[in-house]
Every structure is written in C-alpha cells, then in structure tokens.
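Chemist: Spelled out from the first residue to the last, the chains are:
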Amino acid sequence: MDGTRAGTTRRRMTFLALAAGTALLVAAAALPGAAFGHGQAKTISVAIVKNPQMTDIASLTPSLFTKQSGIKVKYTILDEGKLREITTRDVGSGGKSFDVVMIGMYETPQFGQAGLLQDLTPMAKADAAYKLSDVLPAVRNGLSANGKLYASPFYAESSFLMYRKDVLAKAGVTMPAKPTWNQVATIARKVNTPDMAGICLRGKPGWGDLGASFTTVLNTFGGTWWSSTASGKPAAAQVNQPAFKTALDFYSKLVQDAGEKDAANSSFNECLAQYQAGKVAMWYDATVAAGLLEASDSPVKGKNGYALAPVDKTKASGWLWSWALAIPKSSPDPTDAWKYIAWATGPGYIKAAGTHTKGGWAAIPPGTRASTYQIPQYKKAAAAFAAKTLAAMKAAPITNPGTTKRPGLPGVQYVGIPQFQDVGNQCTQLFSSVIAGSTSDGDALSQCQQIAASAIK
Amino acid sequence: MTAADATRKGKAGDPFSSPWRRRLPLLPALIFTILVTQLPFLVSIYYSLTDLKDKTQSLIPQPTRFVGLENYRTLLSNPFFRDAMWTSVKMTVLSVLLSLIFGTAFALLLDRKFLGQGLVRTLLITPFLVMPVVAALIWKQQMFSSLFGLLNKALEFFGLDSVQFISDHPLASIVTVLVWQWTPFMMLIMLAGLQSQPADILEAANVDGAKPFGIFRQLTIPHLRRYLELGALLGSIYIIQAFDAIDVMTGGAPGSKNVPYFVYQESIGGGFRYGSASAYAIVVVFASIIIATFALRVLSGLLKDEERA
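Sequence lines, in order, name chains A and B. Residue numbers for the first sequence, in numbering that gives the first Met the number 0: 0 to 456. Residue numbers for the second sequence, in numbering that gives the first Met the number 0: 0 to 308.
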C-alpha cells in the first residue's frame, strides 16, 4: 500500500513539474511577440508619474498626437517614488529605456549640471509653436542650470491650504487669508469629528511625499536639514537641533489629533480621495489639487476656500514644484522626443485638455504658462483658485526658504543636493512611523541625524 | 562508484580515458557557471573596495576612488545594518517556525481519506502558487487596509476600533504574509514524510494498544524529524531573501527592513552607493555560506545518526 501511494505522489509531482515548465515556456514565447509585434511605425517610450493630469494625457495621446505625427508613444506610468528610482537609475547609467522621462524640479538642474540631459534651449527657441517666452519665469529658472533649459514643464505648482467653507462656517470659524500653522492647528482640532478629520497632511514615506509637506513646515519653524558653508556645500546635519524637533512634534501631533485615517500611508492621491469623499475638512497640499476639487466631475465642486501656505517664523512657506519632461543624453531619437515634448507641454495641449478631459477646463495642467491664465474658459472655471495659485507660485521662497542659508541648488520643500533624495526617503520612513505612533520622536531624530551626517561625509 | 575506482579503470594521464570522457560534456556548463557567477562576484569584491557611486549622485561627477577596506570598517559600525540583520533573523525564524507548525498541522489533517480531499489539498496549496508580489498586495489592500480591509471591517462589525496593521505592526504583517505563502510548502514536505511512514509499524502499535497521541509522539514525530529539518533548512534559505512583501507592504518602514532590502536601498533603491552596497552584499554572502555550511553539517550528522540507529 505504501508503495502505491508513493508512486501516485511521484507521478503527480512529475505532472506538476511538466505543467509548470510548459507554462514558463509559453510565457517566454509570448514576450518577444509582444515586444516586436508592431511593424514600421516609430515608437518612443515615455515614463510619467501617476497623477490625474498625466493619466489624461496618456489616454489622449493616440487621438491628439499619434494621428498627426505618426509617432507612437509607449507610456510607463509609475508612482512618484518608483518613477524616481527608475528614471534616476536609467538616466544615471546612460540606459536607453526611455526617450522621454518625467522628472521634477529637484532632479532637473542636478542631472542637467551633471551632463545627463539634452539641452532643450535650442530646440525650444527654434520651435515657434512652443512659445518659450510664454513659460513662467520662476518655473523656467527652476528647470534650468547655467541658463540652459533641461526640461519642459508639464505642470507647475506651489502648495496652499484648501478647506471646506461649509464645514468651517458650521463650526463658526473663519480662515485668515494668510494663516499661521498654529491657527490652522486650532481650527483642525476644532472641526475634527469621528466622521470627518480636521486636516489631511501627507504621512507616506518618501522625500517627495511626506518629505515635501514636512520640509515646508520645517523651514517656517526655523529648522533645516543641513547647515551650509559660505560656498554652498553642506556643512553639518541639523536634524538634532531643537527647531527640527519642534517641527516634527508639531506635525506628528497635529496628524495624530486631527489628521486623516491611516496617515502613514497617505499622500497626494489618498488625501485627494478622502477630501473628495468628504472625509477631511482641510487639506494642505499642492495647488494643482484645486483644479481637481473644482473639476466638473468633482463632488466637492464650489464648496472650497483657499488660503496661502501656513507660516510660523517666515513670511511665506509654499513650495515650488514642476513635473517636467526631459530627454536623456542617451536617447536614441531626440528629434521625435522633442516633437512629443513640444506637443505635451505646449500651449496647444493645454487648450485641448480643456475640451477633451472629464474634469473640463478647471482640471487642465496649470502653472506653466502665462497664456493659460488668459484663456477665458479657464478664467471662468478656475475663478475660485487661479489667482490664488499664481499668488502662491510668486510667493514661493525658492532662494531663501527658511531662516538660514541652505546648501546646494535652490529648493523649498527639498535641499538641492543629490544626497537629499536618499536621506529624505530614509528619514521620512522614520517620521512616518512617528506619525503612526510606533517610533518615538527622539529615536527617529537621532537615527535621522546619523543618516544625514553620514550622507555628506 | 568513487573517483578512486574510476582512475584505476582509465589509463593515468590520458585525457580521453573514461573519467575525462565522462567529464568533458560537463565542461561547457561548468565554464558558463563560472562566467555568470564567479566573475561578477570578483567584480563585486573589487567594487566593494572603491567608493563607486551612481553618476546622478554628485552635482559634478567625480572619478571613482580606491578606498581599501573603508567600506567594511563603516559597515561594522553601522547601527542600521545591525538592525537589518536582527530584523532578518526575527523575520526568518518566526516565518519558518510558524509555517512549519501550520504546515505539519495541515499535513496531519490531510493524511487521511475524506470526501473532497483533492479539492481541499488544491486549495491549501494555492497560496504557494500565487506570485509573492500579488500575495503581498492582496494582504495589503484586501486584508490589512484600514479603509477597506476585511480585517478592519470585521473589527468594525464587532464594535472594535480599527487597527492600522501595516503601520503599527510592520514586521508582524510581513510575517503573516510569509507564513501564509510558505505553509503549503511545509505542508507538502510534511505530507511526503507522513506518507513514507511504514504502515506495518503503525499497525503493530495499534495492535499493541497504543493511543493515537502516543503513536504521534513516539513514532510519528521521530520519523518526521528529518522532514522537519529539511523544511526548516529550505524555508530559511528562501525566506531569508524575502523582498517582495517588504517592498509592496511597508517599503522598508522601521522594524521591517531586512538585509536584502537594506542592500537594495543602499544600491539601486535610492542610495546609489554601489561601492558600500557591494561590501554589504559580500559580507552577507560570507555569512550565508557559514550558516549554510553549519546547517548542512548538522543535517548530514543527523542523517548519519538515523542510519546508525
């Protein structure tokens, strides 16, 4: 009996192994088919970040771009963190995976200066339809190094405070036009109920997630990640300084007392979903969110007020950011890549997005061009926030974000040195677990100090 | 046949004598293996002695310098690396132990005839066939999520407060997923063990009036010992490399970062310090070799005991 049992088992195992092997073979055979399926049509690969405006452009590309130009676009749409990891690796190693990459204002001047990106200035100047002079100066400067434009802005943003006018009115509080963080914290705790959190603040690890929101708070509370030498090199880590602790305690206590559910996993997209679902009364985040809150398909349309980024010790604290398209030095086909960039970030697409997307005029990619703010339909649809967005972008303290000199290239919600990406990612992991309550602020700060100190050695 | 026998048969020194003829076809495979495993390893050792960094990691790219043993010296004093080692140990030991216990329990239940046995066995094996990333995503979104996870919906139903499983208990969440994935593997090994148990001895024990628990404790457990050891060894070798679940669920949040994830973050996962990452990786390779040698020695010793007994 024993023998027959073992026999059946063996036979079954052989069958299983054969089945698994066949499955692998089939999968392997299917892959090249998919990769070489298309014939002669020119194809470029583009990596973009997963945000609503970018998802829109990906779905509009076949009808608005490929039809006219004959260039097919293969998109890789990734979360902010993964996109950075992949583009940094690809651009840095001279890889040829992408013809166009979407990078931010943090990476652009760094990569440009290091000679990893194509200089777009000649192509942009030669292309009359692109209208280089129309690009807002603050954004253009942020995406340039030594006077050369290294990426073309798809959208640009500052940060400000969004709030539900109806909820605050019901609670009998008014929001000042230029609030301080203490005022905002008081209001958040007052309007906080079990069904609706007082405020949504980013808590998800990542220097561009929690790191961005938190660093603007840190700046205005008088703290900094590193001190700077006179020549702009990082001098010493400043995470163990009292101002840093004050900022972290303020931020984490506010989220714990009056913040959104599961804050340690929430960033822009999660807060957007919670705000639109009526689960939070206020939200401090990118100005680009306002377009989505006032979009024609938004459930909270018309219910929102907007105030400048809250401050403490500085006059302004809003960040400056742009997601922009760049061509890696190693791109095999820069001419077609530029054709795509000129279309995607030119004035033409902005107008097309107004009539072709679900969100309508309010949700078009904002903040990149002066002409956007002259479009009559946009002026009407974005009446609630367009002026506030422009004001916030002008107020963003890009060259002097805090109370002391910063090392590296200019930046508000980040420090313009390559080491910040890794330090920011690792430290925000610690801070995120402080927000979740599983790490003490003291432990997090002393570990982060070590990370920040060893990174600049 | 041992090597000594073979040499005696073939003519000494003649490369086409029988042992060489037998080895020749293996040579391409051997050369290939050396090319794809040992050469990269040597290159890694060289990298570990330099400060090689990604080009994006300095505003003005600097040439790579040879730094000697500097990377190894900083490694020893790095508290984060020690934390990662400790996390690796906890994660592996907990996952292996728990999946062995559950696997043995399921194997005992399956090792008898009942209606629908085939269906139950297939269902129990399924978690092992799910891709690790998918398994982690299922648990993250459908089970643990504090907004729409099943566990929190259940807690809500009983009027309890919701728990942010992944944020508050990162290590326990990851171990849960690993145990869920590896229990079927252990179950299969234990099932093989149970089915190789000689039926005549069990029958004799029954005839002698031994109680079921007595049979289990005094006959089945000693018989299963080899299989338990095999399961623990194979399980440890695989689970010590856990990566997918960590990346998907916590992204390396404090308390959940094991050594592979640490090395990943130091290298292509954001740190881009290939020099020091190589040093970490090499230390891990040597540590694994030591542990594996030790484990194998224990195992072969036990096997010899069995033979003698």
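Bear in mind the hints are in silico, worked out from the structure with no lab data behind them. Every residue, glycine too, gets a C-beta built ideally from N, C-alpha and C. Misleading hints may appear alongside valid ones.
Stated by the list, open to error - Listed below are the simulated EDC-like cross-link pairs for lysine to aspartate or glutamate, each with C-alpha atoms no more than 16 Å apart in a straight line:
#: 1; chain 1: B; residue 1: Lys139; chain 2: B; residue 2: Asp167
#: 2; chain 1: A; residue 1: Lys81; chain 2: B; residue 2: Asp167
#: 3; chain 1: A; residue 1: Lys456; chain 2: B; residue 2: Asp246
#: 4; chain 1: B; residue 1: Lys52; chain 2: A; residue 2: Asp89
To be verified - Some, not all, of what chain A presents toward chain B, calculated at C-beta under 10 Å:
#: 5; residue: Gly114
#: 6; residue: Gly202
#: 7; residue: Lys203
#: 8; residue: Pro204
#: 9; residue: Asn264
#: 10; residue: Asp332
#: 11; residue: Leu408
#: 12; residue: Pro409
#: 13; residue: Ile434
#: 14; residue: Asp440
#: 15; residue: Asp442
Chemist: Hint by hint, which ones does this structure get wrong, listed from lowest number up?
Modeler: Structure breaks hints 2, 3, 10, 12, 14.
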